[in-house]
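A.B. asks: Sequence:
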Amino acid sequence: MNRPLGARAAHRIARRLGHDRRHAFTPKQYRRFITGRGVGGDPAAAKLVDESVRIFTNTRGRPLLANVDGTVTPTVLGSDGLMVDRTGMLQSLANTNAPTRQVNPVLVPGGYLGTWCRANGAEDSLWMLYRSAYGAEILSGNASQQRSGVAQLVPNQKGATTSTVGMTR
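Those letters in the sequence shown? Residues 1 to 169, by this note's numbering.
Take these hints with a grain of salt, some might be off.
Unchecked claim - Ranges between beta-carbon positions, derived for each pair:
| id | residue 1 | residue 2 | range |
| --- | --- | --- | --- |
| 1 | THR73 | ASP50 | 18 to 26 Å |
| 2 | THR26 | ASN67 | 32 to 40 Å |
| 3 | GLY159 | ASP20 | 43 to 51 Å |
| 4 | TRP127 | ALA7 | 17 to 25 Å |
| 5 | LEU17 | LEU65 | 24 to 32 Å |
No lab work stands behind these hints, which were simulated from the structure alone.
Remember, predicted model here, so these are calculated numbers, not experimental data.
All residues carry an ideal CB built from backbone N, CA and C; glycine is no exception.
Using the sequences and the hints given, assemble the complete structure.
C.D. replies: Structure below.
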């Protein structure tokens, strides 16, 4: 848990989810998308996607950095549905202030991702994504976040141990 998977395991998982490397963004498309360049590029939307990917791939090998009491501190909470924001505050990935929630309109069908892909020759990437579990996940995840409130943090108790966990869906 929280350890980097490595490229081989990541590619194996992607294949099992129905993703084909031949239809992934080219390196040039990726650079343009993640920086908000290309036809119809949007740097603010690209920044949300980049921040969200960093949060979702948060592991010991890729910690998030936060300012905790004036000290830059690496944190690894991604597998717990939590993050520590740049100011040191604990947040659920579904908190209204979290990039992982704010990115929803960018990712939904008809949003920036699809529009950018169509305008920049990445239709194969888009259709591969739409054929995966993505469609159901993005729509149901966004809908449940809208119903379940602002902070998305709840207390959790197991035996004598009490902790705070994030409600990501």
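A.B. asks: Compare the structure with each hint and give your call.
C.D. replies: Each hint, compared with the structure:
About 21 Å separates the C-beta atoms of THR73 and ASP50, a value consistent with the hinted range of 18 to 26 Å. For the pair THR26 and ASN67, the beta carbons lie near 36 Å from each other, so the given range of 32 to 40 Å is met. One distance hint, 43 to 51 Å for the beta-carbon pair GLY159 and ASP20, holds here, with the actual separation near 45 Å. Here the CB-CB span from TRP127 to ALA7 is close to 24 Å, well matched to the stated 17 to 25 Å.
About 29 Å separates the C-beta atoms of LEU17 and LEU65, a value consistent with the hinted range of 24 to 32 Å.
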